[in-house]
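The sequence shown runs 1 to 365 under UniProt numbering.
In short, the hints are calculated from the structure, not lab data. Since the model is a prediction, treat every value here as computed from it, not as a measurement. There may be inaccurate statements among the hints.
Unchecked claim - Heads up, simulated DSS-like pairs for lysine-lysine below, C-alpha to C-alpha not over 30 Å straight-line:
| # | residue 1 | residue 2 |
| --- | --- | --- |
| 1 | K54 | K203 |
| 2 | K359 | K54 |
| 3 | K319 | K203 |
| 4 | K359 | K210 |
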Amino acid sequence: GQRRGAMGNGTAGPPPAVPGHSIAALVLGILLILLIVGGNGLVCLSVCTERALKTTTNYFIVSLAVADLLLALLGSFQFQGGVWSLSTVLCDALMTMDVMLCTASIFNLCAISVDRFIAVQIPLNYNRRQIDLRQLILISTTWIFAFAVASPVIFGLNNVPDRDPSLCQLEDDNYIVYSSICSFFIPCPVMLVLYCGMFQGLKRWEEARKAKLRGCIYGANRKLYHPPTLMEREQTRLGLLECSPYTRAGLPGECGMNSGIQTVSYPHLRYPHPGHGRKRAKINGRERKAMRVLPVVVGAFLFCWTPFFVVHITRALCKSCSIPPEVTSTVTWLGYVNSALNPIIYTVFNAEFRNFFRKVLHLFC
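Please build the complete structure, drawing on both the sequences and the hints.
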């Protein structure tokens, strides 16, 4: 997070635009915030109301949407024209919220990668139907850790002796470096490693599923068209082979020979219901679709936030480096753009989200 003030623009909101373009920037900023609020609000509403969207992955996406939604609301009343006219306590509270919410966005993406990694690598221990205690703990932990990263600001770190009350910004360069490392430079590599492991496991899972499906089809056809034949080559007389379909303690049924004509009576064979495999494949297919969206979300996040954190930490570590205000403004607004992208990504890549969004829009259009 740390978008406000820490980049040197001195405001506690989106950075002031270049003179002469302030009205256009204000209009675009308001439209962007409305898009963020509307899109992420629809994501939360869709998962809460649509049964098909109540999946474990989507609960993590709701947590991510809540962070983006609150971040937009936080920025909606912070256009201060470059001067902070309110109390320093309120400034520190807003800075803390900003750092926490942006960090929560990254940590939620990390939590999604952990959840997906477990789902693929340890599928037997994973509950796909509904959220369980482990996943609730994981979501809660992301918010607790995000607050832990941001809390030094609200607990007085910003109260330096020569603080200018007309500027709302992070005052401690060491904290800027610390928060950048904790919020971005550590979580992102971890997230990428987990996604690489997830997709390798997903590839093996898919190959095993196809092999099992081929084996089931081959075995069923063989049983159907080529029933087993029992032959007594050494018998000089015909006998009756009686096979019991019942078993004791999981052992095969017993067979015995009697005199008479040899016949074979087979136990009733139970074949899988033809729709069972299709149902399981459909569930797995839904998960694979959800997983396909996540790399796009992560890619968009890295594209939007990497420039900001690079500029952010450069300003803290290199006092002699001159970064133009236009660059600062651009990378900061790019971070806001990311909060608006996720609902668009879900709409494009997920038919169930798309259908819900279309249904809601039809109510107002």
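| Is K54 close enough to K203, meaning Cα to Cα at most 30 Å? | Holds - the C-alpha atoms of K203 and K54 are around 25 Å apart, at most 30 Å.
| query | Taken at face value, is the distance from the CA of K54 to the CA of K359 at most 30 Å? | reply | Given that 30 Å is the threshold and the Cα spacing comes to 17 Å, the pair holds.
| field | Pairwise hint evaluation, K203 against K319, where the allowed Cα distance is 30 Å at most | value | violated (48 Å)
| 30 Å Cα cutoff - pair K359, K210 | Violated: K359 and K210 sit about 36 Å apart, past 30 Å.
Hint compliance for this structure: hints 3 and 4 are not met, and every other hint is.
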